[in-house]
Amino acid sequence: MDQSLSAKLAAIVLPDTDDRPIHLGSLWAEGPVVLVFLRHYG
Amino acid sequence: MFCREHIAQLREHEQAFKEKRARLAAIGLGDQHYARLFREETGITFPLLVDEQRQAYRAAGLRSGNLLHIFRGENKAARKRANAAGLRQYGLGKNPFQLGGSFVFGPGNTDRFAHVSETFGDNASVAALLAALP
Chain E
1 MDQSLSAKLA AIVLPDTDDR PIHLGSLWAE GPVVLVFLRH YG
Chain F
1 MFCREHIAQL REHEQAFKEK RARLAAIGLG DQHYARLFRE ETGITFPLLV DEQRQAYRAA
61 GLRSGNLLHI FRGENKAARK RANAAGLRQY GLGKNPFQLG GSFVFGPGNT DRFAHVSETF
121 GDNASVAALL AALP
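Chains E and F, in that order, are what the protein sequence lines are.
All residue numbers for the first sequence refer to this note's numbering, where the first residue is 1 and numbers rise by one.
All residue numbers for the second sequence refer to this note's numbering, where the first residue is 1 and numbers rise by one.
Be aware that one or more of the hints could be misleading.
Quick list of in silico lysine to aspartate or glutamate cross-link-like pairs, DMTMM-like style, CA-CA up to 20 Å [to be verified]: (1) F:K18 - E:D19; (2) E:K8 - F:D111; (3) F:K20 - E:E30.
No lab work stands behind these hints, which were simulated from the structure alone.
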């Protein structure tokens, strides 16, 4: 069975701007999230 | 500048997202230095994550543009719109051809909305994002 995109992304851990590791799944575990991928910071 | 335009639109409607009990989050390329500058300049208060290795970009299936995209009509129109809003491009970062995307997920691993950018100024509308929220 194909995994949903949110399930696929959930396990990825990325640092925030304070270098704290954030599990992507924690962003939408409790409620909905609007997640935007920026092209770059320009 | 298109990133700033999209972020400015989201910030402008932050209250509407809060009313739908949704949080906003962004992921960018580049390094911590670029990310902190971007945060300061745009004044965003929601989480901004740094994906230097493009791990999440690849997993999300986001595309890359090329030089030809710069000359596409919709890109010219988007550039004009962003310029009119006073938004300027400050730096290209590591991967200038990486395209973005917008998603609505949750609660839990539920996919509600996906917009994968086809060219540089192609962003999901705030109306579409709000409509996708439960």
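For each hint, the structure was consulted:
This hinted pair does not check out: K18 of chain F and D19 of chain E have alpha carbons roughly 26 Å apart, beyond 20 Å. Between K8 of chain E and D111 of chain F, the direct Cα distance comes to roughly 11 Å. Compliance with the 20 Å bound is thereby established for this hinted pair. Simply put, K20 of chain F and E30 of chain E have alpha-carbon atoms about 13 Å apart, close enough for the 20 Å limit, and the pair holds.
This entry does not satisfy hint 1, going by the numbered hints stated previously; all others are met.
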